[in-house]
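There are 2 protein chains.
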Amino acid sequence: MTQNRLIVLAARPSGVPTPADFRMIEAPVPEIGAGQALVRNTLMSVDPAMRPRMDDVPSYTPPFQIGEPLEGQAIGEVVASRQPGLPVGAIVNHRLGWRDFAVIASGTVVDTTVAPASAYLGLLGGKGLTAYVGIVNIAQLKAGETVYISAAAGAVGSAAGGIARLLGATTIGSTGSIENVAFLRDELHFDRAFHARDGSIAAELQRVAPDGIDVYFDNVGGETLDAAFDALKTFGRIASCGMISGYNAPMAGPKNMFTIIRKRLRMQGFLVSDHAASLPAFLDLVVPALREGRIAAPETFVDGLENAPAALISLFMRGGHRGKLLVRLGVEKRS
Amino acid sequence: MTQNRLIVLAARPSGVPTPADFRMIEAPVPEIGAGQALVRNTLMSVDPAMRPRMDDVPSYTPPFQIGEPLEGQAIGEVVASRQPGLPVGAIVNHRLGWRDFAVIASGTVVDTTVAPASAYLGLLGGKGLTAYVGIVNIAQLKAGETVYISAAAGAVGSAAGGIARLLGATTIGSTGSIENVAFLRDELHFDRAFHARDGSIAAELQRVAPDGIDVYFDNVGGETLDAAFDALKTFGRIASCGMISGYNAPMAGPKNMFTIIRKRLRMQGFLVSDHAASLPAFLDLVVPALREGRIAAPETFVDGLENAPAALISLFMRGGHRGKLLVRLGVEKRS
Chain P
4 MTQNRLIVLA
14 ARPSGVPTPA
24 DFRMIEAPVP
34 EIGAGQALVR
44 NTLMSVDPAM
54 RPRMDDVPSY
64 TPPFQIGEPL
74 EGQAIGEVVA
84 SRQPGLPVGA
94 IVNHRLGWRD
104 FAVIASGTVV
114 DTTVAPASAY
124 LGLLGGKGLT
134 AYVGIVNIAQ
144 LKAGETVYIS
154 AAAGAVGSAA
164 GGIARLLGAT
174 TIGSTGSIEN
184 VAFLRDELHF
194 DRAFHARDGS
204 IAAELQRVAP
214 DGIDVYFDNV
224 GGETLDAAFD
234 ALKTFGRIAS
244 CGMISGYNAP
254 MAGPKNMFTI
264 IRKRLRMQGF
274 LVSDHAASLP
284 AFLDLVVPAL
294 REGRIAAPET
304 FVDGLENAPA
314 ALISLFMRGG
324 HRGKLLVRLG
334 VEKRS
Chain W
4 MTQNRLIVLA
14 ARPSGVPTPA
24 DFRMIEAPVP
34 EIGAGQALVR
44 NTLMSVDPAM
54 RPRMDDVPSY
64 TPPFQIGEPL
74 EGQAIGEVVA
84 SRQPGLPVGA
94 IVNHRLGWRD
104 FAVIASGTVV
114 DTTVAPASAY
124 LGLLGGKGLT
134 AYVGIVNIAQ
144 LKAGETVYIS
154 AAAGAVGSAA
164 GGIARLLGAT
174 TIGSTGSIEN
184 VAFLRDELHF
194 DRAFHARDGS
204 IAAELQRVAP
214 DGIDVYFDNV
224 GGETLDAAFD
234 ALKTFGRIAS
244 CGMISGYNAP
254 MAGPKNMFTI
264 IRKRLRMQGF
274 LVSDHAASLP
284 AFLDLVVPAL
294 REGRIAAPET
304 FVDGLENAPA
314 ALISLFMRGG
324 HRGKLLVRLG
334 VEKRS
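Protein chains in written order, with the working numbering: chain P, 4 to 338; chain W, 4 to 338.
I should point out that these hints are in silico values taken from the structure, not numbers from a laboratory. Be careful, since some hints might not be right.
Any copy, or any two copies together, can satisfy a pair, since identical chains are not distinguished.
Unchecked claim - The calculated lysine to any residue pairs, modelled on SDA-like cross-linking and capped at a C-alpha distance of 20 Å, are:
1. K258 with P61
2. K145 with F319
3. K258 with D229
4. K236 with S62
5. K236 with E182
6. K236 with D277
7. K266 with A120
8. K258 with I94
9. K258 with E226
10. K145 with L170
11. K145 with T237
12. K266 with P253
13. K236 with G215
14. K258 with D287
15. K266 with P61
16. K236 with E295
17. K258 with D114
18. K236 with T111
Only a predicted model underlies this, so the values are computations on that prediction, with no experimental measurement involved.
All chains should be modelled from the sequences, with the hints used to inform the complete structure.
If you want it as structure tokens, here you go:
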């Protein structure tokens, strides 16, 4: 246990990232100082929102630097500690994934009696809170309303659908993968689901929601956002959570912007990092539902740090995963 | 006084309306029935929002019909009445402009001791309330914030600037007419003003608001909206009031929609008709300010019903007017 493996940004991607944009390096396992803990990572998140950080443009988080390790949410076990809040043996949630060992000064100890550790990177973590903030704080979805969620098979989309269902709304989900339509309906219990193929989204949405929608939870942007503009009822709301269609290529803006006035729509972007105060209300809603099987927490696992780049790339391939995509680390033995 | 003149829609415009899209007809002055009053119109409003109603597409108001008279806000004097609420001699504000005489069953008697009758079609009427709703209810502008208002020399824009100033905000206005820049600064007291030329709006806005804007009051859409996206600060708000750049031609959607998420913007469309409950608060703010000269109520007059089509068309020409554009009727003598 003297060597650490880390994945660094080798090159800034043009369009969808490729394996050549990543490189694995080895380095000694770092020493810890006062107030620090050494964590052996066991699980890490890969996330569409990492893509904008691979470009050298200002965004809400600083861009990754070439030659420097990538970062991302991870869970691991404290193996050495000079930080009383992070005792050896604790399972902690922190921000330094993309490496076998991380030195952290702060992290959240997770309670694995509530749910498996992996849930804290998905439904009970930032993804679930993101979904809650979009549905509750931003869109103010009410019981009896109809919500349309794009990229509904993904980590945030599946959580948004589950939370909307807990609130008594009718849920419509779309997915870029035809195989995932049945998954949305049968395992995530969306009331209606469709396959979002380029050029057909407005027609499909009209087919499954002939009376329109009250809320659109946007993970995609582009054509899907345009279709939602058409389907939204008067006083409809759009929670702008992500626009994955624009992360790797220029994205056309809505063609029908005047719809915002004609229908008195409200469109609002949000970042979960502004809404930490909603965590208790979110957990109050979701933890009992998860325990009682009233909400699904779908996960897809990829094994091995060396496969993390391919896992990230797969997020931009339609239907590459279901629910939260996680990489398991330390599956192979090392000395 | 037996003949009435009315302007009807002769053809649906393609692009900017032309004189051939309008026709004046004559008809007998109508008889009034029980509960009705006959009004001789003296002033009428021409309004950019009439343009979408000239197309045969559903919108928030029904489209005008070919061969039927146009409608619009007007002020006139009751000359015959079988409606106790509208006595002969009363000056009333109603919706049947575009004709010399109108038969109405309801209307608002205006108090010309507060302000000249024309103000009830401008600052004290729907235009001023529209501005108030956008600034206060939708954008929730606060003292010390910076607001950018496009088409700021127009009826709504000038009112929005005046109301924002009353609230203690820093105001930036743009106008499509170079002559109107000084008007914005000197007569409407915008803190900063610029000439919005195609292709230069983002650069100009950056020049006059290097620290960014908190609120954008949108009357224009298109390139101006794109520029506002760039200039808005984190948690900025857009009050979507109008998109005149798209009324006569297809309008490009924003190129940089992801900005909504990155900056956590809120964009909301509104129609004044949903906000009648704000009328008392609006008048409480604006009437004393108007009396005390703390807000301007700019007006431009065109004489003669026969010139109303040209007046409407001029709204789509840059710099065609300042403040509220009104047509005076009955200026010439008729028998």
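Consistency of the hints with the structure:
1. K258 with P61: For K258 and P61, only the inter-copy Cα distance (17 Å) is at most 20 Å; the intra-copy one is 26 Å.
2. K145 with F319: neither (32 Å within a copy, 41 Å between copies)
3. K258 with D229: For K258 and D229, both the intra-copy (7 Å) and inter-copy (13 Å) Cα distances are at most 20 Å.
4. K236 with S62: For K236 and S62, the Cα distance is within 20 Å only across copies (13 Å; inside one copy 32 Å).
5. K236 with E182: neither (30 Å within a copy, 41 Å between copies)
6. K236 with D277: This pair counts as between: shortest inter-copy Cα distance 15 Å, intra-copy 28 Å.
7. K266 with A120: Classified as neither; 44 Å inside a copy, 32 Å across copies.
8. K258 with I94: neither (48 Å within a copy, 44 Å between copies)
9. K258 with E226: both (9 Å within a copy, 13 Å between copies)
10. K145 with L170: within (7 Å within a copy, 34 Å between copies)
11. K145 with T237: Result: close within a single copy only, 15 Å intra versus 27 Å inter.
12. K266 with P253: between (27 Å within a copy, 18 Å between copies)
13. K236 with G215: within (6 Å within a copy, 33 Å between copies)
14. K258 with D287: neither (40 Å within a copy, 39 Å between copies)
15. K266 with P61: between (33 Å within a copy, 11 Å between copies)
16. K236 with E295: Result: close neither inside a copy nor across copies, 34 Å intra and 43 Å inter.
17. K258 with D114: neither (47 Å within a copy, 44 Å between copies)
18. K236 with T111: neither (41 Å within a copy, 32 Å between copies)
Going down the numbered hints, you'll see the structure goes against 2, 5, 7, 8, 14, 16, 17 and 18, while the others check out.
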